[in-house]
Each structure stands twice: as structure tokens, then as C-alpha cells.
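Number of protein chains: 2
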Amino acid sequence: MELIQTHQNSDTICPIARTAEIISGKWTLLIIRDLASGVKRFNQLERSLQGISPKTLSERLRSLEVDGVIVRQTFAEVPPRVEYSLTEKGHDLVCVIESMRSFGNRWLCNK
Amino acid sequence: MELIQTHQNSDTICPIARTAEIISGKWTLLIIRDLASGVKRFNQLERSLQGISPKTLSERLRSLEVDGVIVRQTFAEVPPRVEYSLTEKGHDLVCVIESMRSFGNRWLCNK
Chain A
1 MELIQTHQNS
11 DTICPIARTA
21 EIISGKWTLL
31 IIRDLASGVK
41 RFNQLERSLQ
51 GISPKTLSER
61 LRSLEVDGVI
71 VRQTFAEVPP
81 RVEYSLTEKG
91 HDLVCVIESM
101 RSFGNRWLCN
111 K
Chain B
1 MELIQTHQNS
11 DTICPIARTA
21 EIISGKWTLL
31 IIRDLASGVK
41 RFNQLERSLQ
51 GISPKTLSER
61 LRSLEVDGVI
71 VRQTFAEVPP
81 RVEYSLTEKG
91 HDLVCVIESM
101 RSFGNRWLCN
111 K
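Protein sequences appear in the order of chains A and B. Note that our numbering gives residue 23 to position 23 of the first sequence, counting from 1, and the numbers run on in steps of one. Note that our numbering gives residue 55 to position 55 of the second sequence, counting from 1, and the numbers run on in steps of one.
If you are wondering where the hints come from, they were derived from the structure by calculation, not from laboratory data. Even for Gly, the Cβ is constructed at its ideal location relative to N, Cα and C. Errors might be hidden in some of the hints.
Said to hold, decoys possible - Straight-line Cα separation of at most 20 Å, DMTMM-like style, residue types lysine to aspartate or glutamate; simulated pairs:
{"id": "1", "chain 1": "A", "residue 1": "K89", "chain 2": "B", "residue 2": "E98"}
{"id": "2", "chain 1": "B", "residue 1": "K26", "chain 2": "A", "residue 2": "E21"}
{"id": "3", "chain 1": "A", "residue 1": "K26", "chain 2": "B", "residue 2": "E83"}
{"id": "4", "chain 1": "B", "residue 1": "K26", "chain 2": "A", "residue 2": "E77"}
{"id": "5", "chain 1": "B", "residue 1": "K26", "chain 2": "B", "residue 2": "E77"}
{"id": "6", "chain 1": "B", "residue 1": "K40", "chain 2": "B", "residue 2": "D92"}
Unchecked claim - Now the stretches of chain B that chain A is said to cover, found in silico as 3 or more residues with beta-carbon under 8 Å:
{"id": "7", "segment": "18-25"}
{"id": "8", "segment": "28-34"}
{"id": "9", "segment": "92-106"}
Stated by the list, open to error - The calculated label-pair distances, taken between Cβ atoms and stated as ranges, are:
{"id": "10", "chain 1": "A", "residue 1": "Q50", "chain 2": "B", "residue 2": "T56", "range": "26 to 32 Å"}
{"id": "11", "chain 1": "B", "residue 1": "D92", "chain 2": "A", "residue 2": "K55", "range": "33 to 39 Å"}
{"id": "12", "chain 1": "A", "residue 1": "Q44", "chain 2": "B", "residue 2": "P54", "range": "39 to 45 Å"}
{"id": "13", "chain 1": "B", "residue 1": "T56", "chain 2": "A", "residue 2": "G51", "range": "22 to 28 Å"}
{"id": "14", "chain 1": "A", "residue 1": "S85", "chain 2": "B", "residue 2": "G68", "range": "34 to 40 Å"}
Just chain A, same shape as in the assembly:
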């Protein structure tokens, strides 16, 4: 069974390689995981992603925004409120993360 599409020696056209470019890196995946359950503020993400620096979190969020995976909304309050949520494209990435969860539950837990 040919499950994996041939990439024709060009990672620029392989959909797996292109998706990997977006979600490569642990933090990026975990940000999408956290946003899958709903809108989050910067501070909420920072608390959830133990060990991430504010600089790294800002960079990853900005990168996901540029990729069209998340949207950033600012509210003119005092102090200003900034919220992040998944776009339709971002919600589609939840399937990838769910398949990772199934794998992890099967092979990596309680070992």
C-alpha cells in the first residue's frame, strides 16, 4: 500500500515537508494544542508551556500568525488585552496533533 506520496526529490512540493516546515519544533505543536481548546491570552500560554521564554513564545506566535495558523486580537483595555486563537487552517492542524496523541497514548505512556 502506497500511503506516502512520492515527493519527487523536491521538498518544495511535498505536502508533508511543507507541513513539517510549519509545525517543526516542540513549542509550535504545543501552542496549537493549547489553542485547540479555545482562545488564550499570552500569559495563559506562558503558564501552560512550562519552560518557554517570553521571547521564544512571542517568536513562535508571530510565526504561526504569518503562516495563517493563528490570529492575534488586541483589545483597547487598560492594561491592553491580547488574545490568540486558531484560524480555520489552524483548526485543521488539530487532526495532526490528535494523531500524535493517539500514538503517544499507545506507545509512550506508562513506559
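Based on these hints, arrange chain B on the given structure of chain A.
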């Protein structure tokens, strides 16, 4: 709908985080992609993964072997033949890669 399991502020027990530890990084994903279609020799992987250095390929293969995702078989020929293939655990990761392909085909191709 609560698709994503709460990770209880501990990435050591979250199956997504633990799976991310294994497949983080573009090359690792692409090696699994290439092995999904069958057994490969080192040289075949090197040709397929354009831009990877032999050192990096060796390191990634060794890491996947330690994680139980691939097996390495050596044959006492001249020159010695070394082949890599997915384990049962490795084949289960193909679902993750397939979901990445679906996403890539939907959102990242022809754009």
C-alpha cells in the same frame, strides 16, 4: 468538544509532547516518510533527503533506532549492506505523517 487532552502542566505525561519529542525536526519526519514505503539503504535515504549531511542522517537514524521507531539490519556482504525499516511502532507514526499530508495538500500546495 474537548479534543485535546489536558496536559496538567507537565509535558512529561502529555502524549502529544512525548510524541513531539520523537518527531520534532523536519528530517526525522521525512525519514519516516521515506521508510513508510519500504526498507531503504543509507544511500537511498541520503539521495532522497536532499540537503541532509551524512552526519545528520546517521544521528537521526541512530536516534530513531534508540526510540524503537526503526530497525537497522546489517548484512555481511562486500561492501557491507545496511538497511533500515520501520518497526510496528514506526508504522503507527505513519498515521501522523498521513494527517500532515492531508493538511499540506489542503492548505499549502499551489499557493
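Earlier hints that do not hold, by number: Structure breaks hints 3, 4 and 5.
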